[in-house]
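Per the working numbering, the very first residue in the sequence shown carries number 2; after that it's consecutive.
Honestly, I wouldn't trust all of these hints.
Claimed, not checked - Here are the computed lysine-lysine pairs in the PhoX-like style, where the Cα-Cα straight-line distance is at most 20 Å:
hint: 1; residue 1: Lys563; residue 2: Lys511
hint: 2; residue 1: Lys422; residue 2: Lys489
hint: 3; residue 1: Lys386; residue 2: Lys264
hint: 4; residue 1: Lys326; residue 2: Lys264
hint: 5; residue 1: Lys436; residue 2: Lys498
hint: 6; residue 1: Lys386; residue 2: Lys595
hint: 7; residue 1: Lys288; residue 2: Lys264
hint: 8; residue 1: Lys151; residue 2: Lys24
hint: 9; residue 1: Lys511; residue 2: Lys543
hint: 10; residue 1: Lys24; residue 2: Lys12
hint: 11; residue 1: Lys577; residue 2: Lys587
hint: 12; residue 1: Lys326; residue 2: Lys511
hint: 13; residue 1: Lys551; residue 2: Lys564
hint: 14; residue 1: Lys563; residue 2: Lys386
hint: 15; residue 1: Lys264; residue 2: Lys498
hint: 16; residue 1: Lys595; residue 2: Lys383
hint: 17; residue 1: Lys312; residue 2: Lys275
hint: 18; residue 1: Lys326; residue 2: Lys603
hint: 19; residue 1: Lys563; residue 2: Lys587
hint: 20; residue 1: Lys422; residue 2: Lys498
hint: 21; residue 1: Lys12; residue 2: Lys326
hint: 22; residue 1: Lys383; residue 2: Lys560
hint: 23; residue 1: Lys551; residue 2: Lys577
hint: 24; residue 1: Lys498; residue 2: Lys386
hint: 25; residue 1: Lys422; residue 2: Lys493
hint: 26; residue 1: Lys577; residue 2: Lys603
What the hints assert, rightly or not - Computed beta-carbon distance windows for the label pairs:
hint: 27; residue 1: Lys326; residue 2: Gln430; range: 21 to 27 Å
hint: 28; residue 1: Ser291; residue 2: His162; range: 40 to 46 Å
hint: 29; residue 1: Pro258; residue 2: Lys564; range: 26 to 32 Å
hint: 30; residue 1: His9; residue 2: Ala179; range: 30 to 36 Å
hint: 31; residue 1: Arg419; residue 2: Thr347; range: 46 to 52 Å
hint: 32; residue 1: Phe442; residue 2: Pro540; range: 33 to 39 Å
hint: 33; residue 1: Glu588; residue 2: Gln430; range: 46 to 52 Å
hint: 34; residue 1: Ala541; residue 2: Ala465; range: 17 to 23 Å
hint: 35; residue 1: Leu186; residue 2: Glu443; range: 37 to 43 Å
hint: 36; residue 1: Ser291; residue 2: Phe525; range: 46 to 52 Å
If you're looking for bench data, these hints aren't it; they were derived computationally from the structure.
Ideal placement from N, C-alpha and C gives every residue a C-beta, glycine not left out.
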Amino acid sequence: MPSPQLSHVRKHDKRLVPFEPEKIVRSIEAAAHSCQCDSNFFSREIAEAVILYLEKKYISTHPSTSDIATAINVILSSLNLDNVASSFQSFQLERENSRLRCTVWKHEQPSLFNADLGIQVTISGGQRTTSWDRTRIVRALENEAKISRKIAEDIARTVEHKIMVSDITRVTTTLIRALTDNELLSRGYTSSLRQLSSVTVPFTDISEFLKDNFEADIVEKTGMQTILPYVLSQIYSEDVAHAYRRGIIHLHGLSHPFFTYEKFLNINPENKTKREIRTELLNQINKIRSGLTSKLLIRIDDFFLKAGLEKFIPDICDFATLLDKEDSIIFIIETENGENITDIFTKITPLSSVKIAFANSAAQIDSLLELYNLGWNISFNKNKKTEIISGKITINLPQTVYRAHEKDLDGVIEELYRSVKLAVQSHRQLILYRKKHNFEFENNSFGGLEITGLYEAVSILTGAGVFDSDESLACTRVLLNVLNNGLKQAAKSYNLKMRLVGGESNDCGKRFSVIDQSLFPEIFGFLPLQSESLENIIPAYKSLFFDPEKYHSHNDFIKTAKKISGYFDYGTIPVKFNDNNPDKMKEILLLMIKNNCGFSLKRKTKPIQEEESQENKNQEKFEF
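Generate coordinates for the entire structure from the input sequences, incorporating the hints supplied.
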């Protein structure tokens, strides 16, 4: 076929596209085939005649697609090929009717992401509709999937054909994307498919969310459904995302790309009314509920007391009744005036969502024990809290150990290093994403690496608990030493600030154990169960805690506790007391404070007042 002088064609949406002579050939061949013409039908020669006709008629302008269709009809009729011309006209008419019949609809609320932006449509009955336009698929494939225009148009034609030959009169963009994704997958464009991903929430899930009357809960749940897959896809590499889904690591804060695990709450009373301060406090509390942060830290020092800010502590605790997670609010006591602190908190109903953390200089044992006996979560920090965790990653220690348990200890250590390096890479990817989007980092923030399932991991290797034998204790120290040193080396290689964290809330132990039961059921000693049964039967992996009852003397316990705590750069390990001997408890805690060994004490019981408060939290009204 000679090279045509025509360069561009105007589509029905007025857009100019490069002229492709082969499309004319294919159209004529299709019409001839429907008329049972011979396979040697001279389609290419007829196409050349059509091109010559167009070149003479459209010397200074660009022909439209309808002009080309008219030219094909003229040439076919002039050659007395009326049956082929009639078939071609039928094809054109059917396509036009299908285009007019089929509309695309979307919800009026636009998506948050470029993967599924709204299109220009008319608004009718709360919905937006637009006529079918194949070019939108082409543009999406070019812009998002990064494939050539020729391939994009071929895929778009295939998708269009599937829709046009169906009896569907209205089609959703979700279906169009599903058909497009399927076509990409069938052609082997898996990398492009990863680029062209969208986030959808089933109507059944939304119906469940709406049963919760509290707005922040709805926001949190829908955020997890939509933002989590976006964050995994857009921030993290494929190997990190795969490790998260497989339960090798847990990435905290996937409900928001700018999530901060800890955040200092500074109360500035200057030029503000009490109402304005309380409103600001409630807004900060709601950041936890909306997934922007996990913990709020409030420093109570001498300046705090001199400014009279202690009057807002009851307000903060009132707002904390809206929070379900343990230790979401942490009061850091850095004043040595323990009597004032005790007086404040004795008038407030203890909450599991609130913890009182004493810094080393402020740790007065009598105040600490009095608050604990009232029902508060308590901790002693060996240093003043000057740093905060910006992002946290948890390693599934049982799975990491089990993958290499049949090898020698060197194999286990090597597997630990791999998991640590993967966790560090994930934090680096998060930092790079935030820098790219001009995220404002908190001063003295760092990435926290946490472990869960230490007891189960040691049991896999030794058949005993962490503190049950000298062998298991030695194994524990080896694992923690590898984790600590491996983290420092990997973080240094990427110029990152990261710490090994201990004593945090175990909010992914259940997820890890359920995944591991499906992948490695022999860990738990029974066959795989149905997925709906796992949540109720599989126990969550344990967090590390100290049990003084396992030691012959207090000094032996302190020595071990201090050694184990030394592997953690941040956080406090819980101490579990099995008996009700207050003198013994006081003696042990005094020794821990004297030896600068951090610890935390979980509250004994849940007061009835809090249970009632939790039941009524959705109806709670705060008057300013």
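Against the structure, the hints:
Restraint check for Lys563 and Lys511: not satisfied, since their Cα atoms lie roughly 28 Å apart, outside the 20 Å limit. Restraint check: the Cα-Cα separation between Lys422 and Lys489 comes to about 10 Å, which is no more than 20 Å; the hinted pair holds. Under the criterion of a C-alpha separation no larger than 20 Å, the hint pairing Lys386 with Lys264 is consistent with the structure, at around 12 Å. Under the criterion of a C-alpha separation no larger than 20 Å, the hint pairing Lys326 with Lys264 is consistent with the structure, at around 16 Å.
At most 20 Å may separate the alpha-carbon atoms for a hinted pair to count; Lys436 and Lys498 meet this at roughly 15 Å. Annotation: proposed proximity of Lys386 to Lys595 holds, straight-line Cα distance about 18 Å (limit 20 Å). About 10 Å separates the Cα atoms of Lys288 and Lys264, which keeps this hinted pair within 20 Å; it holds. Distance check on the hinted pair: Lys151 and Lys24 sit about 12 Å apart at the alpha-carbon level, within 20 Å; holds.
For the suggested pair Lys511 and Lys543, the alpha carbons sit about 9 Å apart, so the restraint of at most 20 Å is met. Taking the CA atoms of Lys24 and Lys12, the gap is about 13 Å. The hint holds against a cut of 20 Å. Annotation: proposed proximity of Lys577 to Lys587 holds, straight-line Cα distance about 13 Å (limit 20 Å). With a C-alpha separation of about 15 Å, the suggested pair Lys326 and Lys511 falls inside the 20 Å cut-off, and the hint holds.
With a C-alpha separation of about 16 Å, the suggested pair Lys551 and Lys564 falls inside the 20 Å cut-off, and the hint holds. This hinted pair checks out: Lys563 and Lys386 have alpha carbons roughly 19 Å apart, not beyond 20 Å. Only pairs whose Cα atoms come within 20 Å are accepted, and Lys264 paired with Lys498 is accepted, the gap being roughly 17 Å. Our distance criterion of 20 Å between C-alpha atoms is met by Lys595 and Lys383, whose separation comes to about 10 Å.
Under the criterion of a C-alpha separation no larger than 20 Å, the hint pairing Lys312 with Lys275 is consistent with the structure, at around 10 Å. The suggested pairing of Lys326 with Lys603 holds, with an alpha-carbon distance near 14 Å, which does not exceed 20 Å. At roughly 17 Å between alpha-carbon atoms, Lys563 and Lys587 fall within 20 Å of each other, so this suggested pair holds. A hinted pair counts as satisfied when its Cα atoms are at most 20 Å apart, and Lys422 with Lys498 qualifies at roughly 14 Å.
A hinted pair counts as satisfied when its Cα atoms are at most 20 Å apart, and Lys12 with Lys326 does not qualify at roughly 57 Å. Taking the CA atoms of Lys383 and Lys560, the gap is near 15 Å; set against the 20 Å cutoff, the hint holds. The suggested pairing of Lys551 with Lys577 holds, with an alpha-carbon distance near 11 Å, which does not exceed 20 Å. Between the alpha carbons of Lys498 and Lys386 the distance comes to roughly 16 Å, so the proposed pair stays at or under 20 Å and holds.
About 11 Å separates the Cα atoms of Lys422 and Lys493, which keeps this hinted pair within 20 Å; it holds. For the proposed pair Lys577 and Lys603, the alpha carbon gap of about 8 Å is at most 20 Å, so the pair holds. Separation of Lys326 from Gln430 is about 26 Å and conforms to the stated range, judged on CB atoms against 21 to 27 Å. Distance hint check: the CB atoms of Ser291 and His162 are about 44 Å apart, consistent with the given range 40 to 46 Å.
For the pair Pro258 and Lys564, the beta carbons lie near 39 Å from each other, so the given range of 26 to 32 Å is not met. Range check, His9 to Ala179: about 33 Å between beta-carbon atoms, so the 30 to 36 Å window is met. At roughly 50 Å, the beta carbons of Arg419 and Thr347 sit within the given window of 46 to 52 Å. Between Phe442 and Pro540 the Cβ separation comes to about 38 Å, which falls inside the hinted range of 33 to 39 Å.
The given range of 46 to 52 Å is respected by Glu588 and Gln430, whose C-beta atoms sit roughly 48 Å from each other. Checked against the given bound of 17 to 23 Å, the beta carbons of Ala541 and Ala465, roughly 20 Å apart, stay inside it. Between Leu186 and Glu443, the C-beta spacing of about 42 Å keeps the proposed range 37 to 43 Å intact. Judged by the Cβ atoms, the range 46 to 52 Å given for Ser291 and Phe525 is violated: they are separated by roughly 36 Å.
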